[in-house]
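Participant: Given these sequences and hints, build the entire structure.
In order, the protein sequence lines correspond to chains A and B. Going by the working numbering, the first sequence opens with residue 1, and the numbers climb by one from there. Going by the working numbering, the second sequence opens with residue 1, and the numbers climb by one from there.
Hints are not guaranteed to be accurate.
Chain B is faced by these chain A residues, among others (derived, beta-carbon under 8 Å) [as the list claims (entries may be wrong)]:
| no. | residue |
| --- | --- |
| 1 | Ala-78 |
| 2 | Met-280 |
| 3 | Asp-281 |
| 4 | Gln-321 |
| 5 | Val-327 |
| 6 | Phe-373 |
| 7 | Ser-376 |
| 8 | Leu-405 |
Residues of chain A clear of chain B, computed beta-carbon distances all greater than 10 Å [stated by the list, open to error]:
| no. | residue |
| --- | --- |
| 9 | Glu-26 |
| 10 | Gly-175 |
| 11 | Asp-200 |
| 12 | Ile-206 |
Some chain A residues judged to face chain B by a derived CB distance under 8 Å, without partners named [stated by the list, open to error]:
| no. | residue |
| --- | --- |
| 13 | Gly-77 |
| 14 | Leu-108 |
| 15 | Pro-284 |
| 16 | Ser-285 |
| 17 | Leu-289 |
| 18 | Asn-325 |
| 19 | Asp-374 |
| 20 | Tyr-402 |
Since the hints were made in silico from the structure, they are not lab data. Quick caveat, the model's predicted, so the values are computed rather than measured. In this text, a Cβ means the ideal position worked out from N, Cα and C, and glycines have one as well.
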Amino acid sequence: MIAFLLAQTIAITGGTVYPVSGPKIENATVLIRDGRIAAVGTNVAVPAGATRIDASGKWVTPGLIDGAGQMGLREIGAVQGTNEYTQRGNDVAAGFNVLEGINPASTLIAVNRMEGVTTTLAVPGYLGVPPSNGLIWGQAALIDLNGATIETMRIKSPAAIVAGLSEAAKDASGGSRAAVAQRLRRVLNDAREYATRRADYRRRQIQDLSASAADLEALQPVLRGELPLIVLANRRSDIETALRIAREYKLRLILAGAAEGWMIPGELAAAGVPVLIEPMDNIPSFDALGIRYENAPLLAKGGVKVALMETTTENTRDLRQQAGNAVASGMTWDQALRAVTLTPAEIFGVADRYGSLDAGKVANVVVWSGDPFDFSTGVEHVFIRGKDIRLRSRQTELLERYKTLPPKY
Amino acid sequence: MRQLSGALGLIVLVVGCASAGARTKTAAAPAAASAPAAAATQDTAAGIGPQYPSTYQRHPNPPVLIRNATIMTAAGQEIQGGSILFKDGRIVAVGTNVQAPTDATVVDGTGKWVTPGVIDTHSHIGVFAAPGTFAESDGNEATNPVTAEVWAEHSFWPQDPQIPLAIAGGVTTIQALPGSANLIGGRSAVLKLVPARSVQEMKFPGAHYGLKMACGENPKRTYGGRGGAPSTRMGNMAGYRAAFIAAQDYRRRWDKWNKDHQGDPPERNLRNESLAEVLRGNIYVQNHCYRADEMMQMLDLAHEFGFKIRSFHHAVEAYKIADVLAREGTAVSIWSDWWGFKEEAMDGIYENAALVQQAGGRVVIHSDDASGIQRLNQEAAKAMYHGRRAGIPVTRDQAVRWFTANPAWVLGVDSIVGTLEPGKMADVVLWSADPLSVYARAIQVYNDGWLVYDRNDPAHQPKTDFTLGQP
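Facilitator: Following this line, the structure appears as structure tokens:
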């Protein structure tokens with residue numbers, strides 16, 4: 001049985017295929033074998049015995065990737081017992097990895113994947129408004145939205161360490177943006193020193209360092225430039241502080257929020273720093289008085305690598321609407337599709353396996369009735385690692401129960 | 001993040017609403033609507049003179065003819081190649097053959113759409129203003145579970161930078177509500193969404209005050225968390241009942257005095273005055289309530305005291321009792337897809353709006369959110385298409401009514417605004433594309449005939465004082 005499932009071959013035929021890595025292909029076939037994409041094109045032979053999915057008149061895209069949320073880490077926002085995304089009491093929680101907090105049985109997973117989101121970055125802390133406080137929030141994990149166990153969902157962990165440089169981070173650092181920046185530098189300096197003096201640290205022959213050994217150890221791949229540091233920063237000056245510190249320590253920086261990023265696309269592009277953005281955000285706060293709808297389009301136009309995120313985790317499915325609104329605000333449609341597929345895969349270092357419809361990649365594929373961003377479009381099929389996901393959730397069961405009143409209990 | 005600032009946020013922004021209403025189509029005639037300080041329900045209480053009257057005045061604007069657009073009237077028609085003419089704040093003609101007077105501004109609507117102005121029954125703009133600090137967090141008088149005596153208009157800040165953002169989303173009328181920390185949170189303000197120096201200049205002549213009531217988690221958490229009452233849902237119910245029992249007595253004494261004027265008038269009590277107006281049917285109950293079983297309790301409460309609930313708000317489980325809501329004539333002001341941010345919101349489904357519509361109920365897509373208010377057309381579209389995919393028929397006209405005519409009814413102004421029909425107030429939005437598409441943006445917004453927003457003309461993009469000189 002298992003061997004049979006692994007050997008399953010699926011041919012999605014006749015659709016308009018958007019590989020993202022290249023131009024759209026009319027009347028094309030996407031061949032899936034053993035959970036991978038075997039071939040994409042107009043001249044693909046469908047093996048005998050393959051399961052055929054007729055996608056005539058449909059659109060076929062890679063599964064959508066959410067740039068940052070708390071999928072699996074947050075069941076009901078207001079019920080503290082169901083939330084797993086923070087390590088309270090530790091302002092420098094670099095060693096806190098969220099992975100084992102993920103609940104593969106979370107009802108949010110089925111609700112959101114059936115709208116075309118197949119992959120999310122599960123982050124420690126909250127990147128929306130108001131954001132988490134604390135300086136370093138922990139390690140994020142990239143997961144596929146299917147699997148009975150954490151191991152089967154996991155793509156990459158850690159995929160990044162997350163830190164805050166917004167107004168909210170001030171509480172943890174004495175109440176000044178300057179103190180926040182200085183504290184982050186001290187932590188990074190201490191992590192460097194720790195790496196060269198581990199034995200001294202163990203023998204307590206070293207001055208007190210600003211974080212635990214576990215947290216300083218966790219920062220080593222960040223200092224080596226191997227693991228990206230996601231920094232939440234919205235005000236222009238905070239973004240520039242993040243850029244400055246990243247330069248000083250040669251970090252691989254990813255900006256999240258970046259509400260006033262539109263003011264300095266050139267700086268971000270020159271630094272090669274990608275951004276995770278919510279394009280529908282435009283409510284001013286003192287953390288980002290210059291926030292505006294046009295942020296994502298202006299950054300994309302300026303050559304910045306833009307990926308989208310939906311921080312309202314239970315409605316990660318609104319990533320589609322975020323992308324559509326980015327288009328309405330001036331992003332090209334192709335840029336927007338890339339911002340929810342290949343670009344996040346690149347940012348998180350998995351573009352060799354995810355983000356586009358190319359032979360050899362993991363078969364996360366969505367068949368849509370039309371334009372994925374518009375409301376008139378429905379999801380027809382969702383494949384995650386080649387598995388045709390049943391489009392059912394707790395919500396569809398509620399619908400079935402109450403479609404005719406009174407309900408039959 | 002939208003939920004955090006809206007329905008979930010406790011101190012900063014506890015949401016809520018409740019509705020009760022008695023009247024149907026007896027609101028002031030259109031002719032009276034533009035008159036400043038019309039003797040409107042909003043400005044009076046039985047036996048009491050005018051209170052904080054509206055000073056709203058229509059802003060002069062030349063006549064406007066939008067031609068060759070697709071016009072969605074929200075009154076049953078979608079007119080291809082249609083024109084709409086409005087003058088002096090009134091819609092003069094809608095159709096395929098409309099002539100422009102010589103002094104009219106002619107707007108080419110080719111490839112564009114026109115709808116009535118968007119109306120939000122549930123906004124906290126102005127009372128929970130941006131930039132979102134404690135300084136302008138004025139929506140919850142969370143010092144007593146029953147504060148029917150407070151009025152949202154006395155908190156409303158006309159320089160809230162969220163106002164121009166909502167206008168740019170096509171919004172022309174809002175109900176600004178107190179939050180939902182309290183069982184009875186106070187009076188709402190029904191406002192024309194126009195730049196103004198004071199809230200009085202925005203008060204919608206002829207609109208009915210709402211009374212914000214809230215069920216469920218928020219009041220019991222707010223007060224139970226302090227060791228006070230209510231701390232349970234049964235405590236919530238006892239709180240409403242005690243308040244209305246007191247109001248019944250107050251109303252009786254005032255009604256008697258108003259009739260015979262014997263002796264000194266009874267002592268005024270602002271709390272009971274608001275509640276007595278609910279009992280008289282002059283103030284509409286706007287009831288924040290998520291769960292079906294709790295809405296049933298609230299309907300029983302309304303029966304006990306003889307008032308109507310005009311609209312339940314949030315009502316994520318309305319689909320479970322859609323038949324009852326239709327029978328009761330109580331509208332639902334709902335989101336398209338919010339769910340799961342708290343326990344009483346767990347059972348939200350996309351098809352909520354469509355199922356209530358199908359059962360004959362009155363659906364309103366509301367925002368409760370300064371971000372969502374900018375895209376109520378999109379939320380309606382989401383709800384319409386998901387309903388259709390589930391096999392529930394919803395027409396485009398019905399979906400547009402969800403953010404125009406139906407909210408107008410909830411606020412008691414449906415004879416004045418909410419549809420594009422001759423004689424109605426000229427609250428008109430010109431969209432760049434089909435408003436039920438994600439790609440549509442409001443290009444022009446007319447409020448009472450005034451071009452209050454033009455996407456292509458910075459001279460018609462109002463900014464509040466707060467925004468001046470900022471990045």
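Participant: Against the earlier hints, flag every one the structure doesn't satisfy and list their numbers going up.
Facilitator: none
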